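Asker: So you can see what is in the structure, the chains are spelled out below.
Number of protein chains: 2
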Amino acid sequence: MPSERRPSALTNPRSDRVRAVTALGRRSMRSATGRILIEGPQGVRELIRYAGPTVVDVYVTAAAADRYADVVGDALSAGCYVHEATEPVLAAMADAQAPQGMLAVAQWAPPTLESVLAAGPRLLVLMTQVRDPGNAGTVIRGADAAGADAVLVSDNSVDITSPKVVRSTAGSLFHLPVVTGLDTSATLAALSAHGIRTLATEGGAARTLHDVDLTTPHAWVMGNEAWGLPPELAAACDARVAIPIYGRAESLNLAMAATICLYTSATAQRAGG
Amino acid sequence: MPSERRPSALTNPRSDRVRAVTALGRRSMRSATGRILIEGPQGVRELIRYAGPTVVDVYVTAAAADRYADVVGDALSAGCYVHEATEPVLAAMADAQAPQGMLAVAQWAPPTLESVLAAGPRLLVLMTQVRDPGNAGTVIRGADAAGADAVLVSDNSVDITSPKVVRSTAGSLFHLPVVTGLDTSATLAALSAHGIRTLATEGGAARTLHDVDLTTPHAWVMGNEAWGLPPELAAACDARVAIPIYGRAESLNLAMAATICLYTSATAQRAGG
Chain A
1 MPSERRPSAL
11 TNPRSDRVRA
21 VTALGRRSMR
31 SATGRILIEG
41 PQGVRELIRY
51 AGPTVVDVYV
61 TAAAADRYAD
71 VVGDALSAGC
81 YVHEATEPVL
91 AAMADAQAPQ
101 GMLAVAQWAP
111 PTLESVLAAG
121 PRLLVLMTQV
131 RDPGNAGTVI
141 RGADAAGADA
151 VLVSDNSVDI
161 TSPKVVRSTA
171 GSLFHLPVVT
181 GLDTSATLAA
191 LSAHGIRTLA
201 TEGGAARTLH
211 DVDLTTPHAW
221 VMGNEAWGLP
231 PELAAACDAR
241 VAIPIYGRAE
251 SLNLAMAATI
261 CLYTSATAQR
271 AGG
Chain B
1 MPSERRPSAL
11 TNPRSDRVRA
21 VTALGRRSMR
31 SATGRILIEG
41 PQGVRELIRY
51 AGPTVVDVYV
61 TAAAADRYAD
71 VVGDALSAGC
81 YVHEATEPVL
91 AAMADAQAPQ
101 GMLAVAQWAP
111 PTLESVLAAG
121 PRLLVLMTQV
131 RDPGNAGTVI
141 RGADAAGADA
151 VLVSDNSVDI
161 TSPKVVRSTA
171 GSLFHLPVVT
181 GLDTSATLAA
191 LSAHGIRTLA
201 TEGGAARTLH
211 DVDLTTPHAW
221 VMGNEAWGLP
231 PELAAACDAR
241 VAIPIYGRAE
251 SLNLAMAATI
261 CLYTSATAQR
271 AGG
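So the sequence lines, in the order shown, correspond to chains A and B.
Residue numbers 1 to 273, in UniProt numbering, belong to the letters of the first sequence in order.
Residue numbers 1 to 273, in UniProt numbering, belong to the letters of the second sequence in order.
In short, the hints are calculated from the structure, not lab data.
Since the model is a prediction, treat every value here as computed from it, not as a measurement.
Among the hints, a few may not be true.
Here's a subset of chain A near chain B, in silico, CB distances under 8 Å, partners left out [to be verified]:
{"hint": "1", "residue": "Arg141"}
{"hint": "2", "residue": "Asp144"}
{"hint": "3", "residue": "Ala146"}
{"hint": "4", "residue": "Ser172"}
{"hint": "5", "residue": "Tyr246"}
{"hint": "6", "residue": "Arg248"}
{"hint": "7", "residue": "Ala249"}
{"hint": "8", "residue": "Leu252"}
{"hint": "9", "residue": "Asn253"}
{"hint": "10", "residue": "Ala255"}
{"hint": "11", "residue": "Thr259"}
{"hint": "12", "residue": "Tyr263"}
Chain B side only, calculated, beta carbon under 10 Å to chain A, not exhaustive [claimed, not checked]:
{"hint": "13", "residue": "Gly147"}
{"hint": "14", "residue": "Ser168"}
{"hint": "15", "residue": "Ser251"}
Glycine is no exception: its CB is placed at the ideal position from the N, C-alpha and C atoms.
If we strip away everything but chain A, and leave its shape as in the complex, we get (with noise of 0.2 Å):
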């Protein structure tokens, strides 16, 4: 960062600009302002790059701007205000326990399921009643690292800003659409009315992803973590696939699920295309 930026540092970690970004950890607050908090290097790295329009500020210690000077780079280049901060004021606005000397707040701009469905997708997961953060997260990271076109989540699911599910995402929240807030029913309905196959992940199912044609467009369901798709639901989706269990565990969990899935879509989508 610049030297000439140092006097005017932000030192107090009990100021009104330091509290108004850590109440973005409440749901309530990002709500109201439309905006989340975005924590660590990486995840400033990926907004700045895909979302850059979208930062109002980012954050940074003198130790951070020395370390992530690409980052802090990056961020002066897109026009982004970047403000010095102390590690106490750092500390003050986090969530995190080690932000790693950066963050940023920037307004929440999710897609709609219309301009999603608009794109004419082929690969895309759909989260209901999930409610692990870590979870949450990790299965954003998957989708995107196996190239799907978009991730859905229910009304009832986790709520994808807040900090926690940000960092589990590594900065994939930025790299595909997120849609949040959705009526899983409806969105079962909207799926196929696009000619999307909904395919229910269900351990007990009489198929597993080795039987279904998965060169299609598709849409994994997953349900919550503990006690899967309710009955209604599955029964809504046009397929209920199992993974298979070659050893004794009982399940896989969820992330893990939802990654062997769609990386087994992406396989099969690029070998078929």
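Given chain A's structure and the hints, the job is docking chain B onto it.
Answerer: Quick look at chain B alone, frame taken from chain A:
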């Protein structure tokens, strides 16, 4: 639990017995006693089913004894000592915030690499310098689900017997052999000597897991979460293999990467065999 046991319920969270269980949260005490702590009904159930003779004691609250009567029944049938304890006693013993009213102490009797190799394994995973307990446990769970023959863990990785790792395995620690304390270089040599190809996972590798023959016996070698495998260890493996990233994610997390590799292998070996 039979009502005649209730009069002997443990009620003092500061008793020597409780302190001795609590102390198993520390590595030094696990090493000194050769005992480990297994928390929650799922872990205790799998411990009793698959490693019954190693169980030293089972502790359960009255509420959990009603709720998980099947596990208590299994424990009594297996001849385990089952002790009723109050909620404060369970809370004092446990490492977890919520052990769901049940935990067990067991002897830890890990298998040796020699015994694993003597069984003619076809699919293995070796973790080296893995530091996060949740990652390590999830790799063990994924290896179990994928039907791997064993998990190998280097001496510079997280302690597999720590309560957090044990919890993350969701019982899989007792489903397949988990060999610990291994020297990585010596293990790679031993695997090669037994005709087991060693495949280093490496983000930048030229070959992907779709370019290698996975039908023959092999071991996936997973490095540290942040920096991967040291170059000299990657070079010592028979091949360096990348998981293809189809989107914009920089990488997958360790547990996801291991699970994808192991499932791809399991699918290939079952199709090929």
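Asker: Among the hints numbered above, which are violated by the structure, and what are their numbers in rising order?
Answerer: Going through the list in order, the structure violates no hint and respects every one.
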